[in-house]
Each structure stands twice: as C-alpha cells, then as structure tokens.
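Chains as they are written, first to last, in the numbering used here: chain A, 64 to 454; chain B, 5 to 394.
In short, the hints are calculated from the structure, not lab data. Don't take every hint at face value.
Below 20 Å or equal to it, Euclidean Cα-Cα: the simulated SDA-like pairs (lysine to any residue) are [claimed, not checked]:
| hint | chain 1 | residue 1 | chain 2 | residue 2 |
| --- | --- | --- | --- | --- |
| 1 | B | K178 | A | L126 |
| 2 | B | K142 | A | I238 |
| 3 | B | K178 | A | E208 |
Taking CB as the label site, the calculated pair distances span [stated by the list, open to error]:
| hint | chain 1 | residue 1 | chain 2 | residue 2 | range |
| --- | --- | --- | --- | --- | --- |
| 4 | B | C338 | A | L307 | 39 to 45 Å |
| 5 | A | A154 | B | L367 | 17 to 23 Å |
| 6 | A | L101 | B | R382 | 24 to 30 Å |
| 7 | B | E227 | A | I429 | 48 to 54 Å |
| 8 | B | M146 | A | I429 | 39 to 45 Å |
Nothing here was measured: the structure is a model prediction, and the numbers come from that model. Beta carbons: idealized from backbone N, C-alpha and C, even for Gly.
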Amino acid sequence: MNRLKTIFEICRDELKMIFADHGALVFFLVVPLLYPLLYGYLYSQEVVREVPVVAVDESHSTLSRQFLRMSDASAELKIVSYCADMEEAKAMLRSHKAFGIIHIPSEFSQDLAEGRQATVNLFNNMTGMLYYKSLLSACTDVSLEMNKDIKAVRLAGKTEREIQVSQQPVEYEYIPMFNPQNGFCSFLIPAVLVLILQQTLVLGIALLAGTERERREKGLVVLDKREYGNPFHVLTGKGIAYFLIYAVVALYTLCAVPAFFDLPQLWKTSDLLLFTIPYILSCIFFAITISFFVRDRESCFLLFVFMSVPMLFVSGISWPGSSIPAFWKYIGYLAPSTFGINGFVKMTNCGALLNDVRTEYVGMWIQTAVYYFLALLIYIKLYRPSLAREN
Amino acid sequence: MMESKHGIMAIAGRELRRMLSRPLYVMSMILAPLVCVVFFTTLMKDGLPQNLPIGVVDSDNTSTTRSILRNLDAFQQTEIVFEYSSFADARSAMQRGDIYGFFYIPDGTTAKAMRSEQPRISFYSNASYLVASSLAYKDMRMMAELASGAVGRTSLLARGATMDQAMAFLQPIKVDMRPLGNPWLNYSVYLSNTLLPAVLMLMAFLVTIFSIYTELKDETGKEWLEMASGNMYKAVAGKLLPQTLLFFLMIVFCQIWLYGFMGFPHNSGMPVMLVAGFMLVLASQAFAVFLCELIPSLRWCLSLATLWGVLSFPISGFSFPVTAMPASIRALSCLFPLRYYFLIYSDQALNGFPLSGTVPYYLALLAFMFLPFLFMGRLRYAMENYVYEP
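My request is simple: use the sequences and hints to build the entire structure.
Listed below in structure tokens is the structure:
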C-alpha cells in the first residue's frame with residue numbers, strides 16, 4: 064500500500080508542477096489544441112481546383128475549341144487567357160499568371176480528319192506537383208471523352224465487323240479507395256495529428272527535465288522528499304501523470320479534430336483505444352529517454368523541433384514506405400511515431416482492425432518496454448536515495 | 005587594452021567562444037542540418053519511387069487474362085507482387101498496407117469479351133498514401149488501356165493497318181505532357197530544394213533567439229551591452245556575425261550538394277540561388293531579432309518562433325499550393341521568409357525565368373532585414389532591466 068501511496072504522491076506532485084509551469088502547459092495543452100486546427104484549416108480545400116492555365120489554339124477548329132471548352136469546364140482547370148502563340152503563353156507563365164499551357168497544334172483537326180492521331184501538348188512549369196496532376200488528369204479525361212464521340216462518328220455507316228473491332232473491347236474503371244476524393248487533408252492530417260502527440264510530449268517532458276537539471280546544477284534542491292529515493296516509483300508516478308494528461312489530449316487530437324474537419328474515421332472505438340494506449344506510453348518513455356540529453360529548460364526547442372519533418376517522412380505516408388532505404392527504415396523504427404502514424408492511418412482512413420495493424424501494435428509495445436527500461440536506467444542515475452534529503 | 009574588449013569584432017569573438025562552449029550550438033547549427041541534407045537526399049534518391057507493390061485478383065483465370073497479367077509487370081514504378089484469390093483478400097491486404105493498389109478481373113471477363121459484351125475490369129488504389137496511390141494509378145491506367153486496346157489493336161494490325169493507323173483509330177486524340185523544369189518528375193527536386201533551406205531557416209530562428217535571451221538567463225546581458233558601448237545595434241550585429249557566417253557556410257554546402265552533387269536543376273546558375281540563400285539566412289535572423297524585441301521572454305519567443313518556423317513548411321506552398329489555401333492563409337503567407345525563397349527557387353532554379361520578374365521576391369526578403377530597426381530600443385530596455393523568468 065505504501066508503494067501505491069508514494070507513486071500517487073509523485074504523480075500528484077508532477078501534475079501540480081505541470082499546471083504551474085506555463086512552458087509545459089503550452090506544449091501539453093496549447094500546441095496539441097491549436098496546431099491541428101491550424102493545419103486542418105490550411106488544407107481544408109483538400110484538392111487543387113481551377114488551376115489557372117492558358118490556351119494556345121493554333122488549330123482554330125470546332126474540335127480544338129471543344130477540347131478547350133471542356134477543359135475549362137473541368138473542376139481542375141480554369142483557362143485564364145487565350146494566347147496567340149507559345150511566346151505569349153510562356154510570358155504568362157513567367158509573370159505567374161498561369162501555371163500551365165494547353166497547346167493545340169495547327170495540324171490538329173487535319174490529323175483527325177485524315178485519320179491520323181492528333182496530339183494536344185501540355186506544358187507545366189512544375190512549381191507544384193499538384194498543378195501538374197490537375198492539368199494532366201483534366202486533359203486526359205477530356206481526351207477520353209472526345210475520343211469516344213469521335214469514334215462513334217467515324218463508325219457511322221461502317222460495317223458491323225468494324226464497329227465490333229474498334230469499340231473498346233474491355234471497359235475499365237478506377238476507384239480510389241480510403242480517401243475517395245484524393246484529398247490532401249485526408250492524406251496528411253491524420254499523420255500530422257499522431258506526430259503532434261509525440262512531439263509535444265517530447266518537448267514538454269524535455270522542458271521539465273531540463274528545468275529540473277538546471278535547478279539541480281544550481282544547487283537548488285528539488286528532491287526534498289523521501290519519495291524520490293526510488294527510481295521505479297518516480298518513473299511510474301511521472302509516467303502516470305503524463306498519461307493522464309495525454310489520454311485526454313489524444314482523445315481530442317485523434318477523435319475530435321478529424322470529426323471537426325470531416326476526415327475519415329473508420330476505426331472501431333475499442334481498437335482505437337487499445338492502439339492509443341501503447342502509443343502514448345511509448346511516446347512518454349521515449350521522451351524521458353531522449354530528454355536525458357537536455358541540459359537546460361530551453362534547449363529542447365533547438366534539439367527536437369526540426370526532427371518532426373524527418374519523422375513524418377520516415378513514417379512512409381508521404382514518401383512510400385516501400386521506397387525507403389533499409390537504413391532509414393530501421394532508424395525509423397526507433398521513433399514511436401513511425402508505428403503510431405502507420406497504424407492510425409490504416410485504422411482511421413482504411414478501416415483496418417487492430418488485427419490488421421498488429422505489426423505496429425506489437426512494435427509500440429516493444430518500444431514501450433525498451434524505452435521504459437532505458438528511462439529507468441536514467442532515473443536510477445538521477446534519483447538515488449542519497450539524493451533525496453530526508454533519507 | 006580596454007579598446008580590444010569593445011566593438012563588433014570583440015563581441016563576435018565572445019559569441020564564438022560561447023558557441024564553442026556548448027555542444028547545443030554545434031548540434032543545432034551543423035549536425036541537425038547535415039543530418040537533414042543526408043536524410044532527405046538519400047531517402048528520395050530514386051527521384052520517383054520504384055517498384056511500388058501492387059496486387060491482382062484474377063477471378064476469371066483464363067489463358068487470356070493470365071497472358072494479360074504477364075504483360076502488366078513490365079512497368080517501372082509498380083510491381084505486381086501478390087495475386088489474391090478474392091476481392092476481399094486484396095482489399096484487406098491494401099488495408100494492411102501490403103500493397104498500394106490492385107487490379108480486379110471479374111469472373112467471365114474473357115467470355116464477355118468473346119461475345120463483344122464489353123466486360124469491365126477495375127483497378128483500385130489506396131489514396132491514403134497520396135504519392136504512392138497516384139503513381140500506382142498512372143501505371144494501372146496504362147495497363148488497363150493496354151489490356152483493353154490489345155484486342156482491338158491486334159485485329160486492326162491483322163487487317164493490315166500500321167501501328168500508327170491502329171493507334172489513331174483507337175485513340176484519336178493523344179495528350180502529350182511536357183513537364184518543364186523537372187522533366188523527370190523527380191520528387192526529391194520538388195521537396196528537398198525547399199525542405200533543406202527550411203530546416204536552416206528554422207534553426208536560424210531558434211538559435212538567434214536562444215543566443216540573445218540566454219544573455220538574460222546567464223545574467224551577462226549588461227556585460228554584452230557594455231562591450232558594444234551601450235549600442236544595441238552593435239551588440240546584436242556582433243553577436244549574430246559568427247552565426248551568420250556559419251549559416252552561410254551551411255547554405256553554401258546545402259546548395260552545392262543539391263545543385264552540384266545531386267545535379268538538381270539550377271537554370272539561372274548558382275549565384276542567384278546563393279544570394280537567395282544568404283538573404284534567407286539574414287531575413288530569418290532579422291525576423292528572430294524582431295520577435296525578441298516584441299516579446300522579452302526566452303521561452304515565449306522560442307514558442308512563437310517554433311510556430312512560425314514549423315508553419316513555414318506548409319505555408320511556403322512547395323507541397324500543397326498556396327493558391328488552394330483559404331484567403332486568410334494566402335495573405336498570411338506573405339509574412340514568411342521561406343515563402344519568398346520558394347518563389348525565387350521556383351522562378352530561377354527550376355524554370356530559369358528572367359531575373360526581372362523575381363526581383364520583388366528578393367526585395368521582400370530584404371524587407372525582413374529591416375524589421376529589427378523597428379523596436380531595437382525595447383530589446384535594449386529588456387537587457388538592462390529584465391531578469392530571466394523560466
């Protein structure tokens with residue numbers, strides 16, 4: 064019973080300390096509260112629409128005008144200007160008035176009339192991959208649509224046999240799954256949400272650890288309680304304190320934020336809960352372990368903030384996991400976010416069950432165990448009976 | 005004797021000693037950016053992901069479908085690694101992340117094709133992984149096109165048509181895409197070129213603030229100001245000088261790595277980008293000093309700089325275009341130095357546009373450098389009167 068009481072007191076002390084420390088509160092509460100909203104808002108349009116492009120119609124035919132009209136009518140593109148020649152069109156790109164050019168060569172309608180394949184040229188200045196995708200997919204769709212009509216016209220009056228041959232013998236359709244509108248928000252935000260939990264825990268815990276270390280080095284006694292004599296008690300007590308805060312924060316970040324932005328939420332409640340527990344635990348002990356390298360209160364900013372970007376990439380959400388070199392893949396397994404992001408994305412976007420993400424689930428428990436052990440070693444160094452006063 | 009302890013160079017010397025005395029500076033100014041340079045350029049060394057795993061479900065399983073499938077594996081970006089016995093199996097494999105997409109050939113496809121009933125094959129991709137999904141889509145669409153055209157083309161060719169005539173008949177209008185600037189569609193070109201300077205910018209924000217306000221924390225602010233004979237401008241200039249030079253060195257390294265070693269496009273030559281890089285460093289430092297003037301607290305200042313720095317990544321628009329962001333964010337993007345660096349990069353290195361159109365972006369970076377002049381008095385007041393608060 065005494066043990067439990069000690070752990071409870073350490074936990075209570077830690078919570079008191081956190082709620083009295085504005086710096087820690089910013090990381091533990093303000094950042095997880097506001098950043099997701101900000102990020103969600105940035106990407107709230109999900110897809111790129113009405114990309115400004117210019118058209119150069121050297122064919123001046125009914126079909127070329129039809130092509131341009133249909134492209135303009137697509138959701139992806141907007142023809143902002145019709146240019147006399149390519150030079151004028153390129154000048155529009157240079158002056159940032161457009162991001163792409165649809166060029167229909169003079170022989171376009173002649174080619175079609177004489178049964179040759181006609182080409183539409185697209186130029187894109189590659190400032191953004193999404194501009195490129197919009198231009199290509201809109202114009203490809205228009206060409207497929209027009210090809211159907213052209214073939215139908217050509218076949219009028221042909222023999223049954225010819226119609227049979229030239230009809231598309233096999234139809235095909237494409238279905239994007241698990242993010243049906245190919246949205247950027249639904250793609251990136253779930254990963255960012257999971258990462259925010261880890262990074263704020265790292266920053267907050269490192270800030271607290273740095274503060275304690277600073278005070279200790281200045282000779283200010285922080286451990287004036289007998290309870291701090293047992294590293295196991297300290298680690299468990301503090302761990303529970305962080306867990307209590309992050310149980311609430313995670314609920315908000317992983318459930319409320321996606322609901323707010325209408326992102327996919329296909330998880331089963333019990334699975335998500337079971338998944339989140341080892342994620343928070345592994346993050347907590349990971350954070351305690353790396354906070355060992357922090358010497359003062361503010362160095363966590365310089366050491367850990369930049370890591371968010373590589374950690375996001377190594378998770379394999381933006382850059383496909385199958386193309387990550389083995390070396391970085393193994394490095395990635397050191398961070399709880401790698402498993403956390405993959406598992407959460409699979410559950411929330413793809414409707415995976417806990418059984419489908421057991422690799423990640425087991426991975427996080429292993430991390431929890433390993434980092435708990437490392438954290439304990441660190442606390443054995445930091446909290447010894449000899450350091451606690453009344454012992 | 006007293007002279008040597010005063011002036012910008014003396015302060016710079018003092019700062020250099022401070023920097024060397026703490027591994028933190030080496031970590032954040034040299035090691036962190038270096039790790040990022042190596043990380044991003046080796047992570048995306050292929051430029052475009054190769055051999056993304058996809059699957060097939062061949063419920064028809066005839067000699068025709070099997071021969072179609074054999075022909076599908078010749079694509080570079082994707083690789084058919086699994087064959088599933090049912091749609092449900094393939095779907096759950098995709099759910100688990102084993103594959104990024106799959107083909108579904110329903111039962112009776114061949115028979116329908118024989119009877120000219122236009123059977124339908126479908127392909128699916130996991131759009132949760134946007135990049136992988138769109139690449140898999142591109143290949144699978146091409147495969148579907150080939151599979152579907154194969155029958156028609158074969159009989160047209162058999163009847164004496166040339167390949168050109170057959171293609172003209174099956175696909176009267178063809179779309180030909182010419183991606184200027186990045187013809188290989190290299191993702192590393194598209195991301196590393198902005199990500200790496202962004203890391204330097206973030207570090208410049210944080211290190212500047214950290215080094216200024218640790219003077220309060222270490223209670224050396226008055227000594228620092230003394231060395232500048234009470235001139236805050238001199239004090240700041242001396243302090244930032246060694247950091248500026250180090251960051252210059254890092255940006256030079258970074259650009260040589262990208263444009264020289266990796267051979268990424270730099271269509272207007274390296275000097276314009278080096279100037280942009282130097283200006284990004286100076287603008288970031290100036291912005292950080294400005295924050296110090298506004299908020300006389302180490303922690304709050306660092307918190308705000310972190311927010312600004314981290315927000316710079318999306319808001320510079322290199323991944324998701326700013327034009328597709330809400331109007332308020334579009335307006336806000338003007339206040340981020342990285343935004344201008346990205347615009348300069350895109351105009352100059354990527355597209356090789358004439359310098360004249362890009363000058364406004366250089367001027368914008370220049371404008372950031374004037375920010376510290378607004379409230380320098382406040383920083384001086386802080387150094388003289390405030391004490392560090394945790």
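* Verify the proposed pairing of B/K178 with A/L126, using a straight-line Cα cut of 20 Å. => holds, 13 Å
* Given the hint of 17 to 23 Å, check if A/A154 and B/L367 actually sit that far apart at their C-beta atoms. => holds, 22 Å
* Asked: Cβ-Cβ distance between B/M146 and A/I429: within 39 to 45 Å?
  -> holds, 41 Å
* **Supplied distance hint 39 to 45 Å, evaluated on CB atoms of B/C338 and A/L307** => Since B/C338 and A/L307 have Cβ atoms about 42 Å apart, the given range 39 to 45 Å holds.
* Asked: Taking 48 to 54 Å as the hint, is the beta-carbon distance of B/E227 and A/I429 inside that range?
  -> holds, 51 Å
* Sort out whether A/E208 lies within 20 Å of B/K178, counting only the CA atoms. => holds, 12 Å
* Would you say the C-beta atoms of A/L101 and B/R382 sit inside 24 to 30 Å of each other? -> holds, 28 Å
* CA of B/K142 to CA of A/I238, is that 20 Å or under? -> holds, 13 Å
The structure shown violates none of the earlier numbered hints.
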